[in-house]
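Visitor: If you read the protein sequences in the order shown, they are chains G and E. Going by the numbering used here, the first sequence opens with residue 1, and the numbers climb by one from there. Going by the numbering used here, the second sequence opens with residue 1001, and the numbers climb by one from there.
Because the hints were derived from the structure by calculation, they are not lab data. Given the structure is predicted, the values throughout are model-derived calculations rather than measurements. Don't be surprised by glycine CBs; every beta carbon is placed ideally from N, CA and C. Hints are supplied without guarantee of correctness; some may be wrong.
[Unchecked claim] Footprint (simulated), chain G over chain E, 3 or more residues, beta carbon under 8 Å: (1) 1017-1026; (2) 1163-1176; (3) 1185-1191.
[Claimed, not checked] Once the Cα atoms are required to be at most 25 Å apart in a straight line, the calculated DMTMM-like pairs of lysine to aspartate or glutamate come out as: (4) G:Lys-45 to E:Glu-1123; (5) G:Lys-45 to E:Glu-1140; (6) G:Lys-45 to E:Glu-1201; (7) E:Lys-1084 to E:Glu-1201; (8) E:Lys-1084 to E:Glu-1203; (9) G:Lys-45 to E:Glu-1203; (10) E:Lys-1064 to E:Glu-1140.
Here are the chains, one letter per residue:
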Amino acid sequence: MENKIAYIFGYLLAARGLAILLILAVSAAVGILLAGWVSQVLLRKSPRTGDGM
Amino acid sequence: VTVSSTIVVTAFAIAVTVGAYTLSLAARRRYPSPLTTPVLFSTIIVIAVLLMAGVSFEDYRPAKEIMTFLLGPATVALAIPLYKNRRAFFSQLVPASLGLLAGSLGTMIVAGLSARILGFSPELLSSIAIKSTTVPIAVEIARIVHGNPTLTAIFVVITGMIGASFGPWLMDRLDITHPVSRGLALGTISHGQGTAQAASESELSGAVAAVAMGLGAICTSLAAPWLIPLFLG
């Protein structure tokens, strides 16, 4: 199993490594910013809560 | 391999892991940076020391199992701050849910569309689009959407590491300071590793991240079978 993982990942890293890492990084950044920003804007608008609660 | 040598290697591996974590906490206090985040920094130290000592993953496995066992009660303990803050938490349920949906769907759409634009194979696209879910669930979703479970597991771990290391830095830049929002973002996108990072920021962030990790996984498992065929055209 570990050899299989190493083989597949090694092959992909050689072939498309940069593109894969770029997609993982960009999509993670977009997701974190969307989740954080949307919830914070809505929380600050909420009359019952504010920063730090 | 004798029993005594297994015990020695296991004790050594635990000592290295705990020592690396302690060292990374000190490094983070002294040099705060995404690169000194315990999730990233301690992982690099552990890998380097084990490689230098000639300890294989098989040798490390017993130590990993002991530490994973201890992780169970630690994860359940995250319910305590959640319980303490239950009124505030439930009053924020709608904003938190919308944030979770935005993050969970947003990351999947960006990953899927980028993979499509870059000409990835359907198997690779399906595997990468669901990487913001915790490993056991991601592996099952991968089977449903015809992805590769092995690749998916690797992408999940890398995403966790990227998000846990650079997420807090990124949120600082954009003035995302609310503990609920920070925990929500880290748990939704970086699952267990993000939850560990959020718990190191505040107990409320950690508790919210733990809930977000579970709900984010549900959201991805419901959305992926509908969204991924759209990316595949």
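Visitor: Now look at each hint and say whether the structure bears it out.
Guide: Status of each hint after checking the structure:
| no. | hint | verdict |
| --- | --- | --- |
| 1 | 1017-1026 | violated (count 0) |
| 2 | 1163-1176 | holds (count 7) |
| 3 | 1185-1191 | holds (count 5) |
| 4 | G:Lys-45 to E:Glu-1123 | violated (42 Å) |
| 5 | G:Lys-45 to E:Glu-1140 | violated (38 Å) |
| 6 | G:Lys-45 to E:Glu-1201 | holds (24 Å) |
| 7 | E:Lys-1084 to E:Glu-1201 | holds (17 Å) |
| 8 | E:Lys-1084 to E:Glu-1203 | holds (10 Å) |
| 9 | G:Lys-45 to E:Glu-1203 | holds (24 Å) |
| 10 | E:Lys-1064 to E:Glu-1140 | holds (23 Å) |
Of the numbered hints given earlier, the model fails hints 1, 4, 5; all others are met.
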